[in-house]
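Quick note, the sequences are listed as chains A and B, same order.
FYI, the numbering for the first sequence is 0 to 596, going by numbering that gives the first Met the number 0.
FYI, the numbering for the second sequence is 0 to 596, going by numbering that gives the first Met the number 0.
No wet-lab data here; the hints were simulated from the structure.
Errors might be hidden in some of the hints.
If chains are identical, the list can't say which one is meant, so a pair holds when it fits in one copy or spans any two.
[Claimed, not checked] For lysine-lysine, the following DSBU-like pairs were computed, each having C-alpha atoms within a straight-line distance of at most 30 Å:
hint, residue 1, residue 2
1, 336, 526
2, 432, 1
3, 430, 526
4, 168, 336
Number of protein chains: 2
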Amino acid sequence: MKIIDKMNASTQEGRTFFSFEYFPPRTEGGVENLFDRMDRMAAFGPLFCDITWGAGGSTAELTLEIATRMQNMVCVETMMHLTCTNMPVEKLNNALKEVKKAGIQNILALRGDPPEGQDTFTAIDGGFACALDLIKHIRKEYGDYFGIGIAGYPEAHPDSIVDDEEKMKENYWRDIHYLKQKVDAGGDFIISQLFYDTGLFLQFVEDCRSVDITVPIIPGIMPIMTYGGFKRMTSFCKTKVPQKITDTLESIKDNDEAIKKYGIKLGTEMCRLLLDSGVPGLHMYTLNLQQSAVSILEDMELVDRNNLPRHLPWRPPTNVQRSGEAVRPIFWSNRPKSYIKRTADWDAFPSGRWGDSQSPAYGTLNDYQFMRRHTSSEKRAQKAREAWGDVLTCIDDVKEVFLSYCKGEINILPWNEMDTMQKESAEIVPKLKELNKKGYLTITSQPRVNGTPSTDSTFGWGRPGGYVYQKAYIEFFVSPEGFSKLQPQLSSAPSISYMAVNSKGDLHSTLEDGDVNAVTWGVFPGKEIMQPTVVDPRSFIVWKDEAFDLWVTEWGALYEDGSQGRKVLESIRDEWYLVSVVDNDFVHGDIFKVFGF
Amino acid sequence: MKIIDKMNASTQEGRTFFSFEYFPPRTEGGVENLFDRMDRMAAFGPLFCDITWGAGGSTAELTLEIATRMQNMVCVETMMHLTCTNMPVEKLNNALKEVKKAGIQNILALRGDPPEGQDTFTAIDGGFACALDLIKHIRKEYGDYFGIGIAGYPEAHPDSIVDDEEKMKENYWRDIHYLKQKVDAGGDFIISQLFYDTGLFLQFVEDCRSVDITVPIIPGIMPIMTYGGFKRMTSFCKTKVPQKITDTLESIKDNDEAIKKYGIKLGTEMCRLLLDSGVPGLHMYTLNLQQSAVSILEDMELVDRNNLPRHLPWRPPTNVQRSGEAVRPIFWSNRPKSYIKRTADWDAFPSGRWGDSQSPAYGTLNDYQFMRRHTSSEKRAQKAREAWGDVLTCIDDVKEVFLSYCKGEINILPWNEMDTMQKESAEIVPKLKELNKKGYLTITSQPRVNGTPSTDSTFGWGRPGGYVYQKAYIEFFVSPEGFSKLQPQLSSAPSISYMAVNSKGDLHSTLEDGDVNAVTWGVFPGKEIMQPTVVDPRSFIVWKDEAFDLWVTEWGALYEDGSQGRKVLESIRDEWYLVSVVDNDFVHGDIFKVFGF
């Protein structure tokens, strides 16, 4: 979706938005860490996130790759920076083509800094000399497809900053008129350069309005995190720093903690002033760090880590091609990235009714480039080994791992990409522990919910004024003997639907092939009933291959071929059942009854 | 749907089915009365209804028309009889084409009686000589499209009945082997000729099974209603009547009431014996009358007039072309036939999500041939005049009519095709009376329902084990002044959605163009959430033309052009608002609050 449309909707609804900016890390490990952080920060509900284009296009490939993963795996509305530096038109066209293919709809169009080693920007052969040309080019080639953000300089562009006061004023206004041209050429909104003098920003907005720049102007906020970093950045950007701030920083410059704390306090004061003056949102230059940016937003009461916004029970994709997606099988609820990857090639995403699970693409999972496995690097494998055990000798050891997971002693399991148990399972944890002790190794679950307000901090999702519902659900592995004992209970319980299958495909099910059981739904004012999570036999059959494989491809990867540990896991994969149980009575039911307690 | 599929499903679920047979009445008034009766009898949930083909094809046109209306307006699964009498192949083909076009999928294939004035059946030029040829022809031309019922004669075909016992036995078995040929040629199930000796029927079934006739054999039951009729019928069909029945009838033959009562008692006894012997269902020869057939079914506890089966809140169409229909706007809930007519040309019926309301066919209602208006005949107009008043002088007179309707003193209103208030509005009648007194002239309403079992006798629908829900709904006409006073209340009530429009199209709405508000939904084991009734602005705009027009085309038709009555009604049509109000809080809301009580 275009960011400008989201901005307008947000403003219309009286909400203040915020966004996070990141840059491409230098190391592979840094990239992986960044994605972990983005995942957590995306949960706060930024309107969008953006990723910079390294100076001189040095990170072009990486920026493209990160942007693609942000949009498609982190599922946050993504804006990719694009600059003219060292970019002939063909290269720009190629980048735009890739971005569009990745389902990204937003570009921040910049001229860019001079390439490394040069002082002034000069256009390369076949390249553009300024952001204005880039904007015109994007609009010419892609019409309205892209939302285009542009940069605004409250203190004029660094290149325009001179000592002569008269000349400075002239340059400032020349920049503003140039900004007007960028807007007229197709810029949808303006993100400001960082600043520390709020008055200058507000004056800049007023001056922009005076030349009929009417698009949103979003202040860019860079919280002070270190003394050195602050010094370098303000010098590079030629940013004016009010004397009071300089004095305070000087007085605590050797105390890193105090600097950081002051940065949050100052950021909060600036943001409060800005919002009071009517800015519609805040753009946070995060420097790839979470704490300062999020603390400021928390102080502003724009985010609440105990009550994260949920539009749906799962994070909806932002990729423009799957914007209609409104339904998912519960099986992948702890492996959303795997699900997105599986369904990436679907022509149509079910927008209200379940469908397309028979798409040939659904069954195969060949290109895992965006997926991180728990054992994909030595460092991650080490973490997994700590959680799952260096040595594994018997089924009881496996049980012990599941039990530790329920207890919160470990936080990773092969069937969970998210390295944390879903908050909404918390209230049934004592019973899940019992189940795992009895040898039902649980991997997905949810308690029943009978009409809780949509604003509930644990179960709520969607907009206020609605009611949400869940049918109780438990999915687990169990030995063939365990299943034989359980099956009569499952079959005779009137409100239970279940499916059980082993890796050979022997299926026992109370659902028929085309059945779709809605297990999470919500009723909202003026809307159709939303039913975002379902249980259906067709998806289950696809999921079971993935679920059984993980025993060996993930967990088994820790142990050598032929080792006892590998043999234990292989025997589970080859012989056990995967069982999916729904209690259809969401009003009075108790799903644990069938397990004998 | 094919009747055989419904039979099999019913048997599999352990349910006993029943069906009603009708014949084409001789007068137009008779036809209209028959449809009223069918409408009421369809509510009991017959597996199908069938309509006979007049002797010698004399009623061909009428039978076709009645069958079409049964399937499409009464919405009952319809089987049309088709005979060879006086029907050259082209004529048969034409009838089959028409039947298919009407969305009917079931034919009872018969040879038919000899044409009027002839004693024995002879094939006409280019026609068929027997039912077997007709069955083969249908299968050849239409493959599996049609379900084909065939006739079976427990006492042999009347033509085969002779005095000679040996010869009679031969004829009986020849008929049975011929029946086997009809089954082999494509007959799906057998409906028996009427009989009064249950033993003969059961022997017939046994004999059929002995020659490998495995399809269902349904006994045809004709309750004795009059002495004369019974005599004529048994003589025409050469039916054996047990002496005990003859004796009883002779003893009460002058007492019409006693005969009828005995007919019900006898029918019940016969049916009990048949069901105990394992027949899967009962076919009732109704002779176009309701009482005897329904009383027998009530005595058998197969129907309960206080708890009519509802698959959906509205009667689902049986037309094979709209079998996927699962959603309807609430506006036509009292005018289902008008809705079906409007949407008859839709290519696709929304099967889960709302759609197609922008179909061009939706907006127009040009072909009203199947609709009966309250004022369409002098007799009906007289009834309407009695209800709505001979003379109408002011708005208060109009209010009085609505109030009488709420009180149940009259049972027809232009906005209600069904000549009865919906049962589920009953609990809010006292408040509806208040509303009408205050000048809110209500035409559609439902109370809120928060998770009532799907078996509830008032609000329940769908299969057992589910829970059903409703958002409270009220739709009414109100004067411009009344609306001005009400609007602030509507706008400020947090859980209220409303739309208001006058005939000129001035619209006030809290819903946006594409919004669809589900107001009736159900949650069932192993299924998606069903949401059969919705409120949406697009349909509302289409509905308002019909709703305003009815003031003048229906009610106004009672009064002369230029009369005071006509003027009053025209002023309402031209100036008043039609208002649709939903209370989205189905858990705690009180929709009547906005009206000041």
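Practice prompt. Of all the hints given earlier, name the ones this structure violates by number, lowest first.
Written response: Of the numbered hints given earlier, those the structure breaks are 2, 4, listed in rising order.
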